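Peer 1: Each chain, written out:
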Amino acid sequence: MLHIYCPHCRELREEEEFHAKGQAHIARPLDPDACTDKEWGEYLFFRKNPRGLHHEIWYHTAGCRKFFNLTRDTQTYEIKEIYKIGEQPEVTADKG
Amino acid sequence: MSQKNRLQSGGRIDRSKAVTFSYNGRRYKGYQGDTIASALLANGVDIVGRSFKYSRPRGIVAAGAEEPNAVLQLGATEATQVPNVRATQQELYDGLVCSATNGWPSVESDLMGVMGSIGGKMMPPGFYYKTFMYPQSMWPTYEKFIRKAAGLGRAPQERDQDAYDIMNQHCDLMVVGAGPAGLMAALTAGRSGARVIIADEQSEFGGHLLSSREQIGGKSAADWVADVVAELAKLRNVQMLPRSTVNGYHDHNFLTINENRTDYKGDKAPDGQVRQRMHRVRAHWVVLASGAHERPLVFGNNDVPGCMVASAVSTYLNRYGVVPGSKLVLMTTNDGAYQTALDWADAGREVVAVVDTRANPNGDLIAATRARGIKVITGSAVIDVKGKKRVSGVIVAAIDAKRDKVTGKPQQLGCDTVASSGGWSPVVHLSCHAGSRPVWNDDIIGFVPGPTIQKQLTAGGINGSYSLDKVLSEGIKAGQDAASRLGLSPAAVKLPNVRSVREGKPMALFHVPHTKPTSRAPKQFVDLQNDVTAAGIELATREGFEAIEHVKRYTAMGFGTDQGKLGNINGMAITAKVLGKTIPETGTTVFRPNYTPIAFGAIAGRNCKELFVPKRFSAMHKWHVEHGAEFEDVGQWKRPWFYPKAGETMQQALDRECKATRESVAILDASTLGKIDIQGKDAREFLGRVYTNAWAKLAIGKCRYGLMCGEDGMVFDDGVTSCLGDNHFLMTTTTGGAAHVLEWLEFYHQTEWPELEVYFTSVTDHWATMTISGPNSRKLLAELCDDIDLGKDSFKFMDWREGTVAGVPARVFRISFTGELSFEVNVQANYGLHVWEKLFEHGAKYNLTPYGTETMHILRAEKGFIIAGQDTDGSMTPIDLGMSWCVSNNKPFSYIGKRGMAREDCVRGQRKHLVGLKTKDPSVVLPEGAQAVADPKQPIPMDLLGHISSSYWSANLNRSIAMGFIKGGHDRMGETVYYPLADGRVIEAEICSPIFLDPKGERQNV
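Chains A and B, in that order, give the protein sequences.
Here the first sequence is numbered in numbering that gives the first Met the number 0, starting from 0 and rising by one per residue.
Here the second sequence is numbered in numbering that gives the first Met the number 0, starting from 0 and rising by one per residue.
These are calculated hints, taken from the structure and not from any lab test.
Just so we're clear, the structure is a prediction, and the values are computed from it rather than from any experiment.
Do not take every clue at face value.
[Stated by the list, open to error] Just some of the chain B residues that point at chain A, by a computed CB distance under 7 Å:
1) 249
2) 253
3) 452
4) 710
[Unchecked claim] Straight-line alpha carbon distances no greater than 25 Å define the calculated BS3-like cross-link-like pairs of lysine-lysine that follow:
5) 401(B) to 580(B)
6) 522(B) to 504(B)
7) 79(A) to 385(B)
8) 387(B) to 522(B)
9) 897(B) to 20(A)
10) 65(A) to 680(B)
Glycine included, each C-beta is placed from N, C-alpha and C at the ideal position.
For reference, chain B alone in the conformation it holds in the complex (with noise of 0.2 Å):
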């Protein structure tokens, strides 16, 4: 297909570089330098897309962010897929495919196209509210096709290629907007020598520039544009970012912004390069020089495709050298959109009339197009327009505007292009991001940035300044200001000449009156994207939707991936008129961000994949490994769960590992347990107000289990702390509470006890850990250790000893979590995997067996030891715990926990008690959660006793074993209790105590 509308010569594409690109499946040729909808355009393809509700045909009506209706699927393949690119942003490169995103089967041929026009009328405001409600049972059934009728686009099936990273950045001022007031900010600031940052969404600094015939200094804007960046880019304080939307403008001046780094180039980023980047910068100041996105006006079928915004006409003449149809009507309520038309008349194509809905204009440009001969009417408007796949003429009468009113005749003329302005509306997005709301500002008839306390300066068209010398000084100015405000002395620059335009006062119009009552009036769409029309919010106000935001969510104005950036002001001022009150009355819905849609790539950045969250290795990893273990996530740790042979289950390797233990010798890895060094003369005060129980007397070389509480009295967290010298203990904890445990002891010396003189350290990463059990541990050990008495009365149960194991200085601590005769030995990490394989070497012949955590849990089940974490759950008390032994209610400061543990619900009966579980019949394990009632007849909802929150196969036991909380538990020894199940089952088990082994604890003492 030839590019049918692409001009001769003009514009910034590069006629050299001519690439091929696909939509819905054809090929297109475009040049290097346009965008999507430029080369679509070029090519004649009016329809884009088929409309959300209604599916109407719709075509390119904008020339960027705020372009509604050219939203894409892009992608060659099906891991490039990127949903949701609007095509007035996506530049063209050789071999891009696209392709509209809504339409079945095609976009030029829709069979919801039919639905929509006869059904048009069936389809008001709330309509899903209204239809689908009923009955409720059936939504599930309703939201799967209206999911599939809706969406715009798809997200891809297969994993994204391509790398994000995230740049963090400070400066002293940030530019947001690269048209002629950023520019000349930056300018300003960089000359001043503030580090400037200045970032634009479009490929090219210059803003609207790009598209404009101005004389900027006696030179063409585009020479001076590009003299103004080469000035920038030798100035070594200031970074230019294009392609780059600042999407986010958060509290205290820190932005995030977007950078498309090769997203132009190609489907796939080229290797080594990342695709996106996100820029997250803090700013000292920032001027926000967004500009302003021209408002198209609401009248009869003014979703036509040819139906466009004025400026976007005029950019895609001047910039892409494309002329988007052959004869032109403008509708404008202001002098400036002339200039389309006099940009249309010179491209050597006709305008059949220009149509201003005021008396009486007569400003420059009007004088100018009156006298290139285009007939100008005057108190006139286009109210309807004619054409179903394009425009092929439009229906303009006489209007009294104040009245809403059409006075004079309607008369037809023919065209295919009808392009409307009905004025600016400052971006002002990023000023309301961080919580403040914009003015309205009857002069310029546009909402402008609100109060705010960001350090925040505007210029430009968000201020609603449109005139080419106000842009430039109020560049300069913001430039100055920001200079000055950073302690900077202001450079001088010099304002360059320009034209000056004569303008007349532009009118008000936010809809254009039809003959008939905008209900029975054919669709005025104010939000394109969304289907939202003129009658649709007149509907939604009469039945009682007046705040605007409830307008908003009723009839889904400005919910698109646009936001409503072209349609949002017409739509508040419609529902400010049929409510009766003012626009700042009726006031904006809240802008949030992100300013246009970003992939989620570029939020995650690197924090992906292995990079997710950081993975903790113990110093034996390597052999874990090696021998074949599977691992288990323990906070951020990767702990060995079991060690299967080849050909066992998992049960038969815990079963192998069970007995090992409680036979001969076996292994663990505790090195991830958490280590806290405490020091300083109130150490011991201090254990003793965060630990439940007594630690004045425990003396050097002796260790001791502890219970940690809240102040509400609900255990959180255990372990067991030594004592290395009178002022200097080492803390254990829980692996995943490590960090919690260490901030709880830092806050309550910090905040609340300061005058206890105590230092914490964490030390878990210092030392390798590896617990020995089992009868044959003592043996093992002997054989590598040679300088400590290793005997029974010498070495007792809970006491440590320093000396040497495997060569190397080494902490052994008589403590155990199995119930057997157990050494932990602590050295140095570097020295773990030396040690772990000494111990091996030696242990073959007591067939010493690594355990993982699961065999662990098993065996500290076996002996009715808690886990903190899985045994609790932050509403048990050590005394629901049976742990009462562990609680020291003679000390004499009040502990962290004894005051809650006193509280009316902690001492009243019938609390949840933990108690061990037998099941009746000795084969079946229950599952954890499972809860317990006391009679499984009784009809639901049943009356729950507890849950069951351990429970395993005991080989050595030869039955299962759970423990589980029971109502009054402790006192209901014996009885039974049944486990109703989700699968029906019941499973009967009786109440006993959780120490199914060895209950003297004579294993341990040996």
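Only chain A is shown next, with the shape it has when bound in the complex (with noise of 0.2 Å):
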């Protein structure tokens, strides 16, 4: 069970506290109506399953009902970082 840092909260919480909503970083195109269906389809369905360093988004469910995003290992687990919805990873796959 993982021990989660909320940004929000300011403190380490239970995994039970808080959902996963999957991969981060997938913005809602500005304009839907001009994507191709492709485009649309993509933004809708396609997801990464990287192993490694994967950029999620939780959810403090059971705590302050905010989201944010965070860094995970998807091999050991690992929280590399917590950063808020908005900001950017810096500890990113090509960074090594």
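With the hints as a guide, bring both chains together as one complex.
Peer 2: Structure representation (structure tokens):
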């Protein structure tokens, strides 16, 4: 069970208080009507499944009800960083 | 029966407290402090089970969690049955009832055993796969018999009367194991000020020191342990958990510990006490001091009762005062096991010989053994065991372990006990639970914990450190390391003096050779619980199962409830040798939680029965109960389903409720509908983005129905939202969808449109909601409300007003889910029951009838109104539902669902459309889920047109009605479709509009 730091509550809390909302940084197209079916389909359905670093959105469901991002290693379950919505990750695969 | 193997004195048992217990229906005596295993051995019971595959008699081989054979069924009554109890771990109490879990008619004379000895050659690994695969259709039959023959015990047929609980804890340092290393680590960290929890699976702290005759710091090991425990008990920052097995070491230093609180006291927990407790511990640091298990050697017929692990023999002697035989032969690859021969001799019984596989052993213990006049046979091994139900002798021969050959002439020795030691295997299980793989260490001939990202330290046997001084010093160091990593200054702890013993190099031997090749030699067991032999492993590799995980699955090695604690390393080494690989190249299988089997009760804790799922009740619940309502679960809510009167069937009750609504007035408790208060200057804009229809012009005092779609254009919820103020709205959702909708709104606000100023608050529980519906609803409400003008033209359909109902502030919404004139009265929840009862006081003259969810469903279906989640399943667009009137594509913002609805697949023709269906025979009610076809005579698989989503008997229409999906249904009105059912009936139905009653909506606009 993961131990997750909520950047809004500023405390480490048990995973049971949270739930994962999947891959982070998937922006809703600003003009959906201008998207082709392919572009819209990719926005809707296509997700990464990396072995290693993954940027995810989590929701503090049973806490402050706020969303935030985290970078997690999908092999070790290590949480590398926590950052708020709108911010960018510092730990990324291309930075090694 | 007398305790013929009990020594006159010694051991940690309390001889003043004799206890009586029953095993296989016979009564035996033992002492408090015994385990079932030690008491059975004291009473001379040799056989504790029959083996899994060959049904060979089996005896006790070990003294702890690693025991593969003595797995018993416990319990004096049906409700207290516990399967899978290791006799070596279960403490004895007076009146304990246990039995062997396999063997028929008994373990002593087992019929399957005859089959095992005749058919043994015919049951190679993969036997089941090879034999029972053909014909495939017979598998269900085979399986029934295989399942009956297999297994270790049975589940109780009655409910467990005991309670279990769960405790969440935090600590600075979790010490796993209270042997010498763990005790030292806890003491050191405890003295340094760390908050420590130390847990050990045994009834007492001390680990193997409880079985040891060593001196520590000038005291007996037992006294030294007692002093350390006494100091730990005084430290307020240290919590001690004996009888507590750390069963899992999960991610982020989370540990699950199963504490046996009363299993040792009796068949049932004393009143007011829980049987077991699960501690869920989050630790900053963990010291694993889980020790090591001694490896038995693999030799011919090494499963005959009387074959034991050397250290277990010492444990029974020293800890329990039990000598499990008369004449001992000890086989060893190392110096340490000689202690068992010395212990045996000191108990006054005969050591026939020590057989050392090494050519020239020369450590201190060997000298001591020789000095006692005990014969030491070197460069040799026990290659075979004589005896069926008990060892009667052994065959010893000189071996060349390197070339895997017997080199000398075999000789027979008479004995009744064979103790063996192939060295020790560190208990690395916990270190692997979070994904780390153990690494092979040639020096200690065993796997040690591998690299990990856990905040984990290790000390003692788990590192392959076995000399007592090293174990103690590693414990101190781990405690100090933990303290400094926690930012504390580590306390100085003096290493106590212990005897230093000069030891020779152990030999790596995993498989004792025989004069015959392995496949022809007597059975050499690797995994006793699953009857896996060395020959079986060799065969598996010959058949191409080369990866260790494949060998495991094909042979079932390590698949037992003991998870191969004794046998796995030998099995991996044998696999490696056959493949010509090294042990590290072959690797290990994966260790997973739980370390030892655990009761379901301990996992469930208090989360069972009435506490399994929270229940939610409306403010009027008491009234519903008093008026005989049947309830339906909707999410966590208990909603009245219908209100049967005495003697009424469900259908009669529904017919009465339905008619009352349309003829006079009826009332529904709608409090469970999700309610979300939405405020902020951008609230209106936000609504326009999440609903498919327009919200820009909704005036204060007005309500509007809305559909919510996902980005894929599929409907997932609906409800009425009312404008309370320019920046203030009240949204309602389906009962079951409330939490999801709130999260949905928050998600879009927080991640996509944070620039919008809008706030969401769940107010579901704040309001009690009662829907008064029917032609007399206005008259009834008027009697209790004098400050709202209820007139037809002043309070229109889809308006809401604030006022007073039954003397209580209320919001009244003129909305309708029945198609009748309806008023939805919302009052503060704690006034709900009062208003409800007032309505009934005044409603009697109008025959005010309470109705439940079932009548609500029928009434809305008469009107063709959908229920999100029943008539939608995540694959229907508003267009599919015939609700294009609720879609506004003129909004400036591309609302959620708009682009999705325009996808190629959503605009193609022939999608499944929601339609009404009238059965040709009006008395027949279609089953929900039935599938439509155009031609019921077509061959299977038929071309399916769509399913029935809602179907009822309508008393008001005096016929059945149904809503369902038909491919291209909107353009097929009047056509006939057929519903072939599983029972052979074919129901004919006509496609029609889903609005069966009052298509113009005149009834609600009065």
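Peer 1: All hints, please: hold or fail.
Peer 2: A quick look at each hint next to the structure:
Interface hint status for residue 249(B): upheld, as the beta-carbon distance to the closest one in chain A is roughly 6 Å, under 7 Å. A least Cβ separation of about 5 Å between residue 253(B) and chain A falls short of the 7 Å threshold, and the interface hint therefore holds. Because the beta carbon of residue 452(B) sits about 5 Å from the nearest beta carbon in chain A, less than 7 Å, this interface hint is met. For residue 710(B), the interface hint holds, since its Cβ comes within 7 Å of a Cβ in chain A; the closest pair sits about 6 Å apart.
As the CA atoms of residue 401(B) and residue 580(B) are separated by approximately 15 Å, the hinted pair is consistent with the 25 Å bound. Of the supplied pair hints, the one linking residue 522(B) and residue 504(B) is violated, its CA atoms being roughly 29 Å apart against a limit of 25 Å. Taking the CA atoms of residue 79(A) and residue 385(B), the gap is near 60 Å; set against the 25 Å cutoff, the hint is violated. At most 25 Å may separate the alpha-carbon atoms for a hinted pair to count; residue 387(B) and residue 522(B) meet this at roughly 13 Å.
In summary, the hint linking residue 897(B) to residue 20(A) is supported, as the alpha carbons are separated by about 22 Å, within the 25 Å threshold. In summary, the hint linking residue 65(A) to residue 680(B) is supported, as the alpha carbons are separated by about 21 Å, within the 25 Å threshold.
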